[in-house]
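There are 2 protein chains.
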Amino acid sequence: MSSKTSLLKKFYILYQIIGLILIYFVYYWIVQYRGGFSFTEPKIIFNWHPLLMTIAFLYLFANAILHYRTFPNNTKQKLKNQHALIHGCILILIVLAGFAAFVSHQYGKPQIPHLYSLHSWLGVITIIMFLSQLISGLWCFLYPGVAVQHRETLAPYHVFFGIGIFILAVATALLGFCEKIIFALSDKYKLLPAEAVLGNILGIVCVFYCILVVYMITKPEFKRQPKLEYETLLK
Amino acid sequence: MSSKTSLLKKFYILYQIIGLILIYFVYYWIVQYRGGFSFTEPKIIFNWHPLLMTIAFLYLFANAILHYRTFPNNTKQKLKNQHALIHGCILILIVLAGFAAFVSHQYGKPQIPHLYSLHSWLGVITIIMFLSQLISGLWCFLYPGVAVQHRETLAPYHVFFGIGIFILAVATALLGFCEKIIFALSDKYKLLPAEAVLGNILGIVCVFYCILVVYMITKPEFKRQPKLEYETLLK
Numbered sequence: 001m002s003s004k005t006s007l008l009k010k011f012y013i014l015y016q017i018i019g020l021i022l023i024y025f026v027y028y029w030i031v032q033y034r035g036g037f038s039f040t041e042p043k044i045i046f047n048w049h050p051l052l053m054t055i056a057f058l059y060l061f062a063n064a065i066l067h068y069r070t071f072p073n074n075t076k077q078k079l080k081n082q083h084a085l086i087h088g089c090i091l092i093l094i095v096l097a098g099f100a101a102f103v104s105h106q107y108g109k110p111q112i113p114h115l116y117s118l119h120s121w122l123g124v125i126t127i128i129m130f131l132s133q134l135i136s137g138l139w140c141f142l143y144p145g146v147a148v149q150h151r152e153t154l155a156p157y158h159v160f161f162g163i164g165i166f167i168l169a170v171a172t173a174l175l176g177f178c179e180k181i182i183f184a185l186s187d188k189y190k191l192l193p194a195e196a197v198l199g200n201i202l203g204i205v206c207v208f209y210c211i212l213v214v215y216m217i218t219k220p221e222f223k224r225q226p227k228l229e230y231e232t233l234l235k
Numbered sequence: 001m002s003s004k005t006s007l008l009k010k011f012y013i014l015y016q017i018i019g020l021i022l023i024y025f026v027y028y029w030i031v032q033y034r035g036g037f038s039f040t041e042p043k044i045i046f047n048w049h050p051l052l053m054t055i056a057f058l059y060l061f062a063n064a065i066l067h068y069r070t071f072p073n074n075t076k077q078k079l080k081n082q083h084a085l086i087h088g089c090i091l092i093l094i095v096l097a098g099f100a101a102f103v104s105h106q107y108g109k110p111q112i113p114h115l116y117s118l119h120s121w122l123g124v125i126t127i128i129m130f131l132s133q134l135i136s137g138l139w140c141f142l143y144p145g146v147a148v149q150h151r152e153t154l155a156p157y158h159v160f161f162g163i164g165i166f167i168l169a170v171a172t173a174l175l176g177f178c179e180k181i182i183f184a185l186s187d188k189y190k191l192l193p194a195e196a197v198l199g200n201i202l203g204i205v206c207v208f209y210c211i212l213v214v215y216m217i218t219k220p221e222f223k224r225q226p227k228l229e230y231e232t233l234l235k
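In the order they appear, the protein sequences are chains A and B.
In terms of UniProt numbering, the first sequence opens at residue 1 and continues consecutively.
In terms of UniProt numbering, the second sequence opens at residue 1 and continues consecutively.
Check each hint, because a few of them may be wrong.
Put simply, identical chains are the same to the list, so a pair is met inside one copy or across any two.
To be verified - Capping the alpha-carbon separation at 30 Å, the derived lysine-lysine pairs in BS3-like fashion look like this:
#1 219 / 188
#2 109 / 190
#3 78 / 10
#4 4 / 227
#5 43 / 109
#6 227 / 109
#7 188 / 43
#8 78 / 227
#9 4 / 76
#10 109 / 188
#11 76 / 227
#12 223 / 78
#13 76 / 180
#14 78 / 43
#15 78 / 9
Keep in mind the hints are simulated off the structure, nothing from the lab.
Please model the complete structure; the sequences and the hints are all you need to start from.
Below you can see the structure in the form of structure tokens.
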């Protein structure tokens, strides 16, 4: 195993562990301090929102964009299909998470207006950009009619916007955690109870995870080398 | 003028305009809705914090990291000195901004505890990383004793962490805007009054500015070409 592959493997294990810790922290926060999960009680239905969004937009999205680097031995066509498949899962989770927020606002007592906060505005922008990227990606890179030279021209933009959308998603998540801590704890936040410490640590872990993922995705040494013997035949 | 230089110039004008709009929005928010500026009233002293931090960590920091690309005709030594000089200004503004937050918390009635929120935790991490980068940058790239090959090895890390710290600063600013809107408006935030719209737009402009700056700093075509005729002599 080359030193490059071994280093990539170490980074892979580290970002997987941090990603899973992130999901567990959100889950623990909700179960321990925010009343757990429910399908019937509007205030509790909301709790699906942070958990599903964390799984979709932070964990799966990072896995989708890093898939080419962490599984370089697959053929390009297979990697593209798997990249698209993970995005399909993300889409389903985002729809469910959005629905959870909508239902909890709509049927909460008192009713809460929709889409008023900075978190929600940035979230809407992130989702619109995600959908545009998904549709343009499917059309340019999976639809068979597009010429290879066009794909090669578009690929760096697809990668740049992918990383951009991931960073947007992290910023939106941070704002969401910030909002939720303030709304949930109100004046008690200042006294830094255990829930506030957990929420703050969650935000810091989230940022650290983002830096690690962006480092892995932009490090030229981790770039997958094209497998010419297969791909020229597959093109 | 080549098409690359012309495109860079357009981007330069755009990011300067957005940067100045950002500063103006923060200034307008404070003057219009948050009681303006003061050197004596703790609650108002705080208002220096968002303004100075926006000037330092969002506007000047972006200018410092983009300086090499937007003024490519200067010699490398001059660019390095100017890059360091802008960082000196940033340092002074950050100290003042931090002092404003400290004084307003310490002498506010009621007194507000220090460093309890996610914004402040992330802010402290950003400042520690900024100072580490500043000291290591001065030592590696300005101190004359370091060998050229060491500088060349360290330069990509310096660039990566520079961009990383800028993104951290933007994330911290977003959390600050989010916190401030919620604390200032409390229950009225949900009704989306003019101040809330301004605060949300400010956050979105901030994100757009960040994406533009990161795009400019990572686009290989905008990279400054070394001026061999001078720099080999200057090394």
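Within a copy, between copies, both or neither: which one fits residue 78 and residue 9 at a CA-CA cutoff of 30 Å?
For residue 78 and residue 9, the Cα distance is within 30 Å only inside one copy (20 Å; across copies 41 Å).
How do residue 109 and residue 190 come out at 30 Å by Cα distance, when the copy is not named: within, between, both, or neither?
both (27 Å within a copy, 14 Å between copies)
Treating 30 Å as the Cα threshold, decide for residue 76 and residue 180: within, between, both or neither.
Close neither inside one copy (41 Å) nor across copies (47 Å); limit 30 Å.
Treating 30 Å as the Cα threshold, decide for residue 43 and residue 109: within, between, both or neither.
Answer is within: at 8 Å inside a copy they meet the 30 Å cutoff, but 34 Å across does not.
Within, between, both or neither, where residue 4 and residue 227 count as close if Cα-Cα is 30 Å or less
Answer is within; shortest intra-copy Cα gap is 17 Å, inter-copy 32 Å.
Using 30 Å as the alpha carbon limit, work out where residue 227 and residue 109 are close: within a copy, between copies, both or neither.
neither (58 Å within a copy, 67 Å between copies)
State whether the alpha carbon distance between residue 188 and residue 43 is at most 30 Å within one copy, between copies, both, or neither.
Answer is both: 20 Å inside a copy and 20 Å across each meet the 30 Å cutoff.
At most 30 Å between alpha carbons: which applies to residue 223 and residue 78, within, between, both or neither?
Answer is within; shortest intra-copy Cα gap is 17 Å, inter-copy 34 Å.
Up to 30 Å CA-CA - residue 227 versus residue 76, copy category
within (8 Å within a copy, 40 Å between copies)
With identical chains treated as interchangeable, where does the CA-CA distance between residue 78 and residue 227 reach 30 Å or less: within a copy, between copies, both, or neither?
within (13 Å within a copy, 44 Å between copies)
30 Å Cα cut-off: does residue 4 pair with residue 76 within a copy, between copies, both or neither?
within (20 Å within a copy, 32 Å between copies)
Is it within a copy, between copies, both, or neither that the alpha carbon of residue 78 lies no farther than 30 Å from that of residue 10?
This pair counts as within: shortest intra-copy Cα distance 24 Å, inter-copy 40 Å.
Consistency with the previously given hints fails for numbers 1, 6, 13, 14, ordered from lowest to highest.
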